[in-house]
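Undergrad: Once you've looked at the hints, dock chains E and Z against the given chain L.
Chains as they are written, first to last, in the numbering used here: chain L, 54 to 692; chain E, 273 to 407; chain Z, 11 to 322.
Please note that the accuracy of each hint is not assured.
[As the list claims (entries may be wrong)] Across the chosen pairs, the derived CB separations fall in these ranges:
1) Ser648(L) <-> Asn253(Z): 25 to 31 angstroms
2) Asn253(Z) <-> Glu544(L): 50 to 56 angstroms
3) Pro152(Z) <-> Gln89(L): 55 to 61 angstroms
4) Glu391(E) <-> Asp227(Z): 46 to 52 angstroms
5) Asp299(Z) <-> Val61(L): 52 to 58 angstroms
Simulated from the structure, these hints should not be mistaken for lab results. We treat Cβ as the ideally placed atom computed from N, Cα and C, and that holds for glycine.
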Amino acid sequence: MFVCHCGVNIAGVVDVERVAEEMRHYPGVVFSTTYQYMCSDPGQNLIRQKIEEEGLDGVVVAACSPSMHEETFRSVCRDYFSEYRCEMANIREQDSWVHESEEATEKAIKILKATVEKLKGNEDFEPILVPVEKKVLVIGGGIAGIQTALDIADAGYKVILVEKEASIGGHMAQLSETFPTLDCSQCILTPKMVSVSRHPNIKLLAYSEVTEVSGYVGNFEVKIRQKPRYVDVDKCTVCGDCEDACPVVVPNAFEMDREPRKAIYIPFPQAVPSTYTIDRDACLGLAPLTCAECREKCEADAINYDMMPRIIEEKVGAIIIATGYDMYDKSNLVEYGYGDDDDIITSLEFERMLSASGPTGGNIIKPSTGKPPKKVVFIQCAGSRDRQHMPHCSSICCMYTAKHALLYKHHVHDGEAYIFYIDIRATGKGYEEFIANVMEEERINYVRGKVAKIFREGDDIVVWGVDTLTGRKVEVRADLVVLAMALVGKETTRDVAKLFKVAVDEGIFLKEAHPKLKPVEALSRGIYYAGCAQAPKDIPAAVAQASAAASKALALISKDELEKDPLIAVVDEEHCSGCGVCISVCPYGALQRGSDGKAHCIEALCEGCGTCAAACPSNNIEMRNYRDEQIEKMIEVIV
Amino acid sequence: MSFEPKIVAFLCNWCAYAGADMAGTSRIKYPANVVPIRVMCSGRVDPEFVLDAFEKGADGVFIGGCHPGDCHYVSGNYRTRKRVIMMKKLLQEMGINPARLRLEWVSATEGKKFATVIEEFVNEIKELGPSPEGE
Amino acid sequence: MAKIAMYWGAGCGGCDVSLLGIHEALLDLLDVLEIVFWPCATDFKYEDLEKMKDKSIDVAFYNGAIRTEENEHIAKLLRKKAKLLVAYGSCASKGCVIGLANLSTKEDIFDAAYLHNESTKNPDGIVPQEKAGDLELPAILPYLKTLDQVVEVDAVIPGCPPPTPVLVEALNALLEGKTTFGKEVALCDECPRKDTKPDKIEITKFYRWHEKEDNGDCFLAQNMICMGPATRAGCGGECIAANIPCTGCMGTVSRVKDQGASMMSAIASLMEEEMDEEKERELIASIHDMVGTFYKYSAARLLPKGRLKDES
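Same shape as in the complex, but just chain L:
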């Protein structure tokens, strides 16, 4: 029994000496002590020393949550005996950090007794060895997905990259220039996109979604549904004749609906795969065929209205989710008139305005008049850092707003730019210098205060804010207002998370296994995260995280065999009546009826949830190391 002080984290509340003393006399405990930091080297050595000196055959470390250090202490014990002879008792996160002294100490003693009882019932098991599929599935073809796919492919392993839209590129493809270098976004992105399309190890499935997942780490089976483009990718020359001929006009989401596109379209000129696509929902009709103008005009004979969706089945060892972000809908902002005015636009819409290939040809205009705006107000934290909307900081808005103001001034030399901000967050390399330049050199008016209301009056958009540094109310009559909308997780990320059984938080960002030490892993083994799907971040951070996720996936698939948790269900087949309750209940199909009519558990499929054990009306199914008698003993000592 090793009771950790954890500095004052535990010892400051729980009377660790008393706890150790009480446990000294508990049946089965031969040695009991306290120590400052059990997870430290000397702490771990103390365990080794005592195992040798006292001939221990079981170890309980009463400290933080097992999610922190169960593996740490088990790997110490592995040198001497089965890792299952080591259990952790959580007396920090679920005790000292949440209770008062006296009751925390009493509870600690109960927790320790229960843990000892569980430990006494544990049996030694060897991990189950399973083969590993040396292939990775990447979901999301934005910069993060692209980077992670390239890293894995360059390491020599096969990657399947699935992208929902017709082209990879994500939001980065919509950007004009990127901070702080003002690199042309498409220019640095497109070479990577092309690399993806050319890489022999990458199978790119664009216009596709994952529909089904089964299996477990090292052996995932996925079904991917590829939508039909009705255009043969190999034949299309991207000449554009079909587009000219198409009579249908719909809003172009890539241009933030500020420009139309045809039903047959290419998302942007540098799209990868380089091909046109027919948007079935916009098209006048494919079955029955209504128009067929595009096929008429296509000299490459690339158009095929009979294309069907394809279901592609793949086996992969690891999965990386890089589904990116969405902008918080401006219609949520009541104070800003729901953003429902031509001259109140979002930062992404402004980005498209800046782009030479965008709806305004790179000219900054006041949308309602078409003339250059002389006064532009940029509002940071629109929907971010706000208890009514999104509580989090969206990380990139301070930087891109400065960039927007700078570029605006370069376009409209006699224009005036105002930026309403709460704080300026410029933590990256070269960021502070960039902001300083924007503030001083470019003479942009930074006003520290939230905007209370914006509304139209005649030709102007009136902005009512406050300058907290002078304590005065501020009114600006602007031509154009740009809202730095909060970054949020996508609704579709929620669906993906559900499919892979990983958690998302209220902002629909993927929950990592540990926010500090495991920022790219899901709690479920074999699933990793990259990019804004996990949390808002800038491009350097997304690229870094993508490489991190790749390295994690590579560590997994570079092994020939993976160890599968042996704590699975065991059926007492001799006494099985064949009632079939467990077979009906198992979500993995791990329990199957044999030819003898009895239930059999397939080791490789069982995930160890225990639902079958609870359901079995003959109590014939045991969960290894979570047996009924262990749990009943724990209940007894607790109550």
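TA: Relative to chain L, chains E and Z alone:
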């Protein structure tokens, strides 16, 4: 001395247990009457455990699992929900207030919710008094 | 000659009758057995039993539960006088149907039986007394007890009453001095409808026996509650063969302590997986009597100290 309820909590590893950890990381205080037993899934909780706990003198039993649709093992929590509804009906017929058995969905990020429901539950049991079976 | 005794506590008499289930074999048995005490069949008095030497009875069978002081007294006597004491039948081992009385207090039971029910007119409120003049009747205990709550029991023959094959196996084993017998597998193993079990059962409604036409398939597959999965095999599935779902009279296999909770867990687990919560509640509420359905024979185990102070 006022009545201090004895409550056993079955917390699923992936959601409720992690949520309880999060309450700790966030340093949110709640009463210490509840002692946790970590199970891999709330679906592991056999109704026999619940009755066993009451028989042994528990004043309340708490089961924490993942939100419906989010179970790490797909469907364990759906089974738990149905089992708990049945158990509550049985407890009522036995003469035990079904409120002594509480099922809550607590995700790994809901530290605050965990602390809040535990506090609520403990106060509720305090009001009900010791379990009739314990007497 | 082996000396045997058979006593009926609080029971229906069916267990005594069940001995006749072994038919002519009874005559063979009578060649090797000496019945020293059997109030149901012959005229024995308490003093006959009291006079016997301790441990002079080889096997004493006790059927019926313990509901009166007399039941308890004889149980203790038989324990003294017998080498092996066997709980015969469901009443003695788990309380059986009459164990459901533990859901009520003695006062409530008297009230319902003698004072306030539709077919009784008892304006003077006359109820049985324990003493009238110098006549005494054994007191009715405040709650029903099983045999093992009063004395140590060596063996159990389950069933209501014990089915003939179970009885035959038990008697043969006991004659050899063995106290462990019986199958350790649930009824589904020998159920005549076993082959009709589908791979997946999903219950969407609960039908009572009279509410649905029986199509010959596994009752659970037909959404009728059958206690078979939580009930010890041995009877050969007699009730199923007579087109009635099992109600659980044989009790459980040794591993299971709580028959009702075991079966409830199984039934809940078989309900359609992604059911709307509202529908779930309705569906479960449609089972009108949880204790009567799942603890029909083991209510005395659920409430071993009788009715709880009701706070529901």
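Undergrad: Which numbered conditions among the earlier hints are violated in the structure presented, ordered from lowest to highest?
TA: Result: no hint breaks.
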